Structure formats: structure tokens, C-alpha cells
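**Q** Here is what each chain is made of, one letter per residue.
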Amino acid sequence: MLRYIIRRILLLIVTMFITSAIIFALTQLVPGDVARLILGREASPEALEQFRAEFGLNDPAPVQYANWLVKFVTGDWGRSFTGTQGPVRPLVTDRIGNSLRLALMTLVIAIPASVLLGIAAALRENTWVDSAISLLSLSVVGLPEFVTGLVLINGIALGARALGLPATSAVPDNTLADWIRQLILPAITAAFVLIGYVSRLTRAGVLDELKKPYVRTAILKGLPRRQVIFKHVLRNALLPTITVIAISFGWLIGGLVVIENVYNYPGLGALMVEAVKQKNLFVLQAVVMVTIFFFALANLTADVLYAVLNPRIRLE
Amino acid sequence: MTQLPVIAAQHLCIDYKLDKQWINAINGVSLAINPFETHGLVGESGSGKSTLALALMRYMAANARIESGEVLFYGENLLVKSDAEMRRIWGRQMSLVPQDPLAALNPAYPIGEQIAEITRLHEGLSRPAARQRAFEVLERVRIADPEAVARKYPHQLSGGMQQRVNIAMALSTQPKLLVLDEPTTALDVTTEAVILDLFRSLIQENRGAALYVSHNLGVIAQMCDRVTVLYAGEVMACAPVDELYANPLHPYTISLLASIPRPLSGHETRLPTIPGVAPSLAERPRGCVFAPRCPVALQQCFDEKPPLEEPGPGRLVKCHRWREITEGMLAVETPHEPMADTSQHPAPTGEGYVLNVEGLSKRYGSHTLFSRLNGDKSRFVQAVDDVAMRVRARSTLGLVGESGSGKTTLARCIVGLETADDGRILLLDVIIPNALRRRSRAFLRELQMVFQNPNDTLNPYQTVGQALGRTIRRLKTEPLTPEHIQARVIDLLAAVRLTPDYAGRYPAELSGGEKQRVAIARAFAANPALVVADEPTSALDVSVQAVILNLLKDLRAREGASYLVISHDLAAIAYLADWIAVMYLGQIVEEGSTEQVYNIPSHPYTEALLSAIPAPDPRIKQGNVRLEGEVPSAAHIPRGCRFHTRCPRKIGAICEQEEPPWREAGSGHRIRCHIPIEDLIVLQNSAP
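These protein sequences, in sequence, are chains A and B. When we follow this note's numbering, the leftmost residue of the first sequence carries the number 1, and every step to the right adds one. When we follow this note's numbering, the leftmost residue of the second sequence carries the number 317, and every step to the right adds one.
Since the hints were derived computationally from the structure, they do not count as laboratory data. Since the structure is predicted, the reported quantities are computational estimates derived from the model, not experimental observations. Any given hint could turn out to be false.
Below, computed lysine-lysine pairings styled on DSBU-like, alpha-carbon distance capped at 35 Å [what the hints assert, rightly or not]:
{"hint": "1", "chain 1": "B", "residue 1": "492", "chain 2": "A", "residue 2": "212"}
{"hint": "2", "chain 1": "B", "residue 1": "621", "chain 2": "A", "residue 2": "231"}
{"hint": "3", "chain 1": "B", "residue 1": "966", "chain 2": "A", "residue 2": "211"}
{"hint": "4", "chain 1": "B", "residue 1": "336", "chain 2": "A", "residue 2": "231"}
{"hint": "5", "chain 1": "B", "residue 1": "492", "chain 2": "B", "residue 2": "792"}
{"hint": "6", "chain 1": "A", "residue 1": "212", "chain 2": "B", "residue 2": "397"}
{"hint": "7", "chain 1": "B", "residue 1": "333", "chain 2": "A", "residue 2": "212"}
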């Protein structure tokens, strides 16, 4: 087991190395001259040359890559081209913190809701309860996030003002009340996307397990129904669900581009869009590296969790 | 007979919902099991025996409903009880030993916990006390190290151990009724014998009643006191076991008993068969359900359902003609289909050998870069180890052994589905390449295979005609017009006794036996010299198995082909094979003619295999040579004689250190054992 985890971590490092090369190559392909873009049409050749020299844009691509990679690994993520032209790293790590807060809030809503809905649908297969849950979860999945987001903003934040929920979400301070106040709407929006999928998966998992002979064994032991479902069935039915939730964590950190924009929340996704708009090369590289890292980490967590929870794999 | 039966069904009718239509699966069944009785319930697949058995525990599938009738447990009707009331009965007063031992255990919990939760629930034991009880019941099912096994997960145990765990679970509360639903069907014959011994003593100790469900007439004969025969959801007959086997009254029972292949009897003749297939439950015949297949059916039988009558004390029979049968006025002759014309190929064994295998070996797992990257230790699994064997022209070589003996791997190497690592394969005296892709079309034509499960071997989206036509086109030697191919398809169908209209059917429209016939027709599409058949009848019912065995025998005579037949069923293989090779852990340990192998002297392993066969006759007691332990993993083959870890006739250190020599027992009969032939004869003759 330990060997397995070590091997997976080594694999993660290799993955990061390969993606870093791809990211670097892609940013080289961005059309236009960065220096001219930043300094504007009227910049003098001398100024352009000075800018290029300052940011190392004149070196051959492999050298630029090597320099960038070494610096990135040692924690120097370069300087922003825009604004105060400050270092990139604190900017990005701040945003990671913000994204983690939103991701956590989303999971707290999405996991219990989708698992319970999935179980309820499976236990009442082919009844109106099942149909209603299916219909609800499928329609929610079908709606784009900006639609659900705008509906929530207009309906709840602006409509039901008594609740006092803000239409744009700021980073919460460390009180539970503020977490809920600031994050509940964007978290619900993101959770909607997850709930549809995860509840279908849970339903399928529970139905699959219910057909297995060990469930009959459990019933014929005389166990109460609650124990049959929650102790015997769920323990096996939730394995694929847990994996999917773990993988979705990567998406929650770096992929909430639309939601963060709708709610004007300063997460990683929003920063990525800004960086693209401004051709802010080093910021973009750093954000994409971090996002990919979280995706890879989520995948690793999913695999390790699956192995840990499944004795058939854990004990191999 | 005034004592209250432990469990009784009265006029029970059960329906299943299929495609929005209720189908009657159990039709008016009555059955009673008395205290201390082991009651057998025998029937073919689809007869409703599992449904009935579970219904006696008041356990129904979600799409089933009890239409009418009663289930009485010590006189109390279970059908009116609430779930909460049933939960006090389930696991405490009645329990189930299921068919598939692994699937019946929860993969996520250790064995000990799964046993302990029963006594915690029903006897209110504390966690440590329940754990202690779990160790005790594991000991009762003869598990040597209960504390270690209790910590294990189901997948870490062998099939035999898994079933012991299920038995331990069922017996942990000393239930009044034990339902055993095909409990040994998934096990090897040697393991089955050990588990059956265990049942005998445990049922005795438990002092409750048991219902033993099986399709295997041998197991039923060995285990039960009384037997109920079920057909298409109706009771055909019920009788004390001795009477049922010695003096069957119902034509179905008579035909069923006649169609079982028995080792060394009827080898030269055809097996009697039951024509047709069991009726679809959606179109239940109006009269007797067995009439369409009954050799002695009258018009009355088709028109009018016979009553369940009592021909003697404790006997029941449902037939219009049982009186004639009892009085000997009516002999139920099961139809003997005419033996195929064998005049073209008179001698069963031809000159020379079709197949010659020399030094064949197959290993799995290797020391590749990939396996090292994955952190695997370099483990070789030696599935087949230096095997030599020959198949004589127009004869059948039977290859027998337990699962894990390497027999299927050997067959797949010969056919080319696996590539042998070492050794030579000669087909018709020509060396053929071990790798399939290097074999020419001509070799493919001469070497065909029939697989175990006919459901998986036919493409569900191709009609029978398309499947056969495709094989004919692929393997043709000359250009064929579509008409020729069509004609050949019809020929092939006729050869396996199917009418031409089967060409237009899809596999889903065929029964299991019909599918296997199509698979056999496919194998014969290009007049092969050798057909390799891997367990060709083990997925089929007894009555269908007889049809396929006859067919294989006819085709051999007609087409002049030879067979390599692989089976774990020593009775079925004795019927087909002229020559038998016994395999253990990748090696052949004995070979000889069928008579030689089934008689004394035999290799101790063969002796154990033969001893384990449950004879379909309660008067013939099962042999008592048992194999202890499990087949060792092929990754860790024991030194010396590879059978020494389980051999009941081990003679000493020599068995552990030296590979045994081949010893000749005359006329080509060879045994690989340290014990000299003369000593084997003495030992095996004096066996009780």
C-alpha cells in the first residue's frame, strides 16, 4: 500500500513536469509581442528592448523554459506585468486560499444532498419519488452555471433582501455566519452541477449493490433495514461516488471560472481569466500550473481513497 | 405422521412480473419438512426450485408476489407476518447457505464481523462475546485457525473456505430450518465432497430440519432423506430417497435418472434423452406440464392436469399413468435416437495421431520493465509445465482435473488462444507454430474449439445463419457462392439436429442447449481434424447434457474428427472419452484408457477425484478418500511430487524431495507416483 502511494506521488511529479513543458510551449504560441502589448503601440524600441531584457524574453525558448522551471520550483514565480508589477506568488496563493474556501463550502452542501437523494431514488426505484429526483437532478445538470447563478442572484440576493445575502461574494472572515453569508449562493450554484451527477451515480451504485447476494444474506440474518442499507449496501455502493467527489475537487479549485465571474468572487478561476485578458504571462503560467497540480492531486486522492476503502485492492 | 412439520407449503402459487406481465413460476406446490429431516428439492434450471426454497423462508424477489397459498413454520403462517416479526425469525430460527459463496459475503467487512453481527443481534451478545462465538462456529466448520480467518476478507479465502464461512454464519444461532440452495455447485468435486461430509455431520448436530436444493441428482441421493421433484413450478413426485431412485414412478423422474452419464456403464451406447425443452412459464401447458416431453403421454395428459396422488405412504406422484407404471404394465422407454451412420468410419480409433504435444509449457507473469515499474515481485505462475500428450485419430482424449490444474490453459495453448512458451505442437504430424498469428488458414481449419458457456460465445447481434456463414466463408478452401454457403449452413444445422429455420434466429431466441449445438455446428463448419471442447456440457441441465454428449459422439463418427474434451465431471467425460489424462498443477499425473483410469490402480489424486463423485444412487455410498487443504498456487509449486501437500497416500520424505517417476501399469497406462504399481494395487484394494 505504501509502495503504491509512493509510486503514485512519483507519477504526479512526472505529470507536473510534462504539463509544465506543455504550458510553457503554449504560452510561447500566444500571438503578438508581449513587450509591445504591455507597453503599448507608442513604446520606443529602446523601451521594448529593455522590457524584454528585464523579463528574459530574448533568450532562446529552452533557456527561458529552464530558467522559468528552476525559478518556479524554488518559489520565484516571476513578476506580474501589470498593476504594481509585484511578485506573482503571493497573488496566486491568496487566490488558492479563496478557492479552497469556496470548494469546501460546495462539498459541505453537495455531498450530503446528492448522496441522500441518490439513496432515496434507489430505494424507491421506478416510483414517483425516483422520477422526481431524476427529473430534478437532470434539469439542474442541464442548466449552465451562469443561468443558475443569475437566477439565484436575482431571486434570492436581490429578490429576498430580508435574507441579507450579497449579490457579489467577498472572501469570508473566519466566522461561520460570514462563511454562510458570503459563500452560500456561489456554493449552491457549484453544488447544483455536482448534485445532478453524483446523485445519479449514487443511485446507480446502490441499485447495483442491492441486487447482490450479500444483501440477501444481510436481510436473512434478520438485520434491521437501516443496518442493511447503511452498513452493508452503502459501504460498497459509495466507492465510485467517493472517487468522483475526490476528482471533482480539482474542478472546484481551478474550474469555477464562470461562477467566480458571475459572483465576482476572487478565486483562481477569476484570476485565470484576468491573466488571459491581460496577456499576463507569468500569472497565467502560475495559475495553470497550480490548477493542474490540484487536478492531479485530486486524482491521486481519488485513487488512494478507492484503494484504502476497498479491501480487495488494499490487501493485494 | 402427527408431528408438526418444521416448514410446510400449502398450495403455494408464486408469480413473477416480467415485462409488465405476471408469469406463474410456482403453481400450487405443497411440501412439508419434518423435524430432523433433510429434504431434497431437485429440478432443472427454471423449474422454480430456488424461488420455492426462498419463499419457504418468506423471502421474495422484488418482482415476485405470492398469489395464493400458505407457508407454515411450526404451524404459523409466515405470509401474514410483518417484516419486523420475520426479522426475529430470520437468522435466528431459519438460515440460508447460498449458491455462490463469495457473492453472498460482503466484500467490505472481515469474516469475523459478518458472523458476529448475527449473535449480537439475536442473542444480545457483547462485541467480545460475539467475536468469541464467531471463533467457535468457525471451529465447528473445521477451520483450523479461526482467529486468523476471522480477520480476513472474503476475497482472501478459497471457494471452499468461503462456503465454510457461509455455513458457519448459518449455524451460528442453531436454526430450526436450514435452507441449502445449491451450496456446492460452484465448488470443485473434491471440495464438494469435503463440504458434503461437513453438512452431514452438522445437520446431525444441529438437530433441525434442512431443505437441500440441487440440480445434481448425485448430491441429492447422497444427502437427503426425502426428495421432491419439481418441474416447471409443479411437484411431479415426492418420495423417500431410496424409493425415488430405486423405483421411480413419474416418467420425468425415470427419464431424468436414465439420462445421467455414469462412469463405465453405457459407454458403448447412447444416453437416453428427454426430447424438447422445459415449457416457457408464460405458456404453461393446459394439461400435464411434462406431457409435451413425456415418452408415454396420452391425449388425456395434454387435456387434463393430473391430480397429485399418494401411491404409497409418504409418496406423491402427479401422473395419469402412475398405476400402470407401478404395476409394471408400462415401461417408460426414453427415446433412443438412431445412432448415426458410422459405416464410413468403422473403427473408432484410427491409425496414427491427430495431435501430438511435446514438452508444452506456459508461464504467466514475467520480469518485464512494466512489471518492475508496477512494483510487482517477479512471480512466475507456471500454469502448464512440460506436458506431453497425444490424441489418436478418431478418438477422444479426456483431460480432467480441478480448477487451477491448468487444463484450460493447456487447451488454449493448443488452439492458439494463448501462446505456449516452450514445446512443440504437431497437428497431423506437422509442427504448427505456437503463436496463432503465425498459423496458416489450413491449421485454423483443422483445429476448432467449443467453449464452456454457449451464452457468451455467440454474437447476440448475428443470426445463427450469419454466424455459421461467416465461419464457412472465413475457412473455405474454394470460392463459394451464397447459395453454397446457405446449403452448407443448413447441412451443419441438420448435423446438430436443428431445423433450417434456426438459421434466421438470434441467440437470444435459443435455449442453452440449442446455443451449444450452434457452437458445435460452428466448430464443425470446416471439417476439422481436432475439436477442442472446454467443459462443453457443464453449463447445461442434465437432460440437455445427455443430448449434447450424444451429439458429440455422433459427430465424431460421422465427420471422422477427434476430440480433446476438458471436464471436471468425471462421469460425463467417461461417457465420451476413450483415453483420459489427469492433470494436477500443470502436469499430467496419470494417463490411460478410460477403463484403466477409472479402475485400480490409479494415481492417488485420481483416486481422490473418483472417490469424491456423489453417485446418483443412495445405495452407493460416496468413497471416503478426501483431499485436505487447497490446491497450492501455481506460483508456489511444491518441491518433489507436487501433490505431496494433499496426498492421502504420501509415503515419506521422498515425496517432498524427488519428482516422482512415470510408472507403467500396462497397455500404455502410466502413473506418475513414487509408490510402485503393485503397492498401489494392494493399497487401493484394501481401501474401505
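**Q** State for each hint whether it applies.
**A** Here's how the hints hold up against the structure:
1. B/492 with A/212: holds, 26 Å
2. B/621 with A/231: With a Cα-Cα distance of about 49 Å, the restraint between residue 621 of chain B and residue 231 of chain A is violated, given a limit of 35 Å.
3. B/966 with A/211: violated, 46 Å
4. B/336 with A/231: holds, 33 Å
5. B/492 with B/792: violated, 64 Å
6. A/212 with B/397: Holds, at roughly 25 Å.
7. B/333 with A/212: Status holds; Cα separation ~19 Å.
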